[in-house]
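Enquirer: Given next are the chains, with one letter for each unit.
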Amino acid sequence: MTHKAVPSITAYTDGPLLVRGDVEILDAAGEPVPRGRETVALCRCGVSSIKPFCDGTHKLVNFRTDPVAPQA
Amino acid sequence: MKLYERPAAAASRTQLPFAPRGHVSQRIVTLLETDPADAAVILNDLASHVERGIAETADIVNSDDLQVAMFLLYGLHYGSLTGVSADWEWQPELVACRLLLESAFEAALRASVPVPELPAPTAEAVAAALFALTSAESGPSLARFVAKKATVAQLEEFVVQRSIYTLREADPHSWAIPRLTGRPKAALVEIQADEYGGGRPERVHAEIFAATMRGMGLNASYGAYVDHVPAITLASLNMMSMFGLNRRLRGAIVGHLAAFEMTSSIPNRHYGNGFRRVGFGEDVTWYFDEHVAADAVHEQIAGRDLAGALAEDDPTLLADIMFGANACLVVDGWAGAQMLDAFMSHTSSLRMPVVDAAVPAVPTTVQS
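Quick mapping for you: the protein sequence lines, in order, are chains E and W.
Its first residue numbered 1, the first sequence is counted upward by one per residue in our numbering.
Its first residue numbered 1, the second sequence is counted upward by one per residue in our numbering.
By construction, these hints were calculated from the structure, which means they are not laboratory data.
Warning: the hint list may mix true and false statements.
[As the list claims (entries may be wrong)] Computed cross-link-like contacts, DSS-like style, restricted to lysine-lysine with a CA-CA straight-line distance of at most 30 Å:
no.: 1; chain 1: E; residue 1: Lys59; chain 2: W; residue 2: Lys148
no.: 2; chain 1: E; residue 1: Lys59; chain 2: W; residue 2: Lys149
no.: 3; chain 1: E; residue 1: Lys51; chain 2: W; residue 2: Lys148
no.: 4; chain 1: W; residue 1: Lys185; chain 2: E; residue 2: Lys59
no.: 5; chain 1: E; residue 1: Lys51; chain 2: W; residue 2: Lys149
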């Protein structure tokens, strides 16, 4: 039996969200978005030209992820 | 430009697709074209040739002869030299020559590449320092030129120059995999697995680049354009090979990869746009477009999980991580400037024209 890893989303400081594992990404119409690779980076600054994926442009607009949300 | 003459008889024994550029590289080519069993005479005075070559050279980074010599010696490890016996790889005299050349090359790099201010040896601090270092670059001016102004002939030169590394893309950094453990090893493998196509041979990045070359009517066999490129282009790859192949420099190869990935996504968007602007289709632009998304993933992993985690695990490597990152920026900056200066002054960046390529196959319709 192979160990099935729990899918994960990792928040990178001042950068995108990296998605690993068996997750389906859907667009606004509910259609699957081809991932193209095992680990993908989702835009969270809003300026990527290849949304929902990151294209590195957050670095040009000084996107910052702090402060983080307060603990509930 | 005069090229070093290759002995006609020896040329028939191997099929090296490029020529030596001075007495050191000539000596190594002659040796590699000799049966290993008959090579004692050449091997005996090889080190003295290398030592003299180093002593004669004021600037090893831009030395045609010594950069070709190193390219040949690293080629023995990659297996990228057509027709050359695999028995040469661990030949002691050749390894000794490589160490002599590397000693001089590394000293020259350390003299001209400053080590940036060191961050705290934590994954977050190292990632932040690497992103700050790579964003402090003066900007992707070669990339902007490619996007807005480059002619088809200049785009062809750009691809010829890039082919020296990119037809072996990712290989120099893969040497580091068994030299790492734990988190940095997993991070490097995660990046390299994507570089090598995630199990799909047609998606290996070097293969996608070969398709770009063929789509432009260029020769995608390895080494076809070594004669065309200046020493600095070979130095860029030789530096990666040196960092990757020497375990003591594993910090430098990790830092190099981080800086390389962090300066890739945005320039590749410009490159893709430039090739589209003159009418090339997806067969040619796929490589660049693929790297926009891929390297936006890789740069995050390389900064925090690879370089950052390595610095956490072994803080003694921090200085070399930052040195390797800056060496990537400085040396590739020199190589990029060599190209951009030539393009801006309407001259060629190559040592000789690309004559064997077909007329670039610019499609008449732009793909939607």
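Enquirer: Next step is simple, just say for each hint if it's right about the structure.
Expert: Hint check:
About 22 Å separates the Cα atoms of E/Lys59 and W/Lys148, which keeps this hinted pair within 30 Å; it holds. With a C-alpha separation of about 25 Å, the suggested pair E/Lys59 and W/Lys149 falls inside the 30 Å cut-off, and the hint holds. Among the hinted pairs, E/Lys51 with W/Lys148 is consistent with the structure: their alpha-carbon atoms are about 24 Å apart, no more than 30 Å. Pair hint W/Lys185 plus E/Lys59 holds up; C-alpha atoms about 26 Å apart against a cutoff of 30 Å.
Among the hinted pairs, E/Lys51 with W/Lys149 is consistent with the structure: their alpha-carbon atoms are about 27 Å apart, no more than 30 Å.
Of the numbered hints stated above, none is contradicted by the structure.
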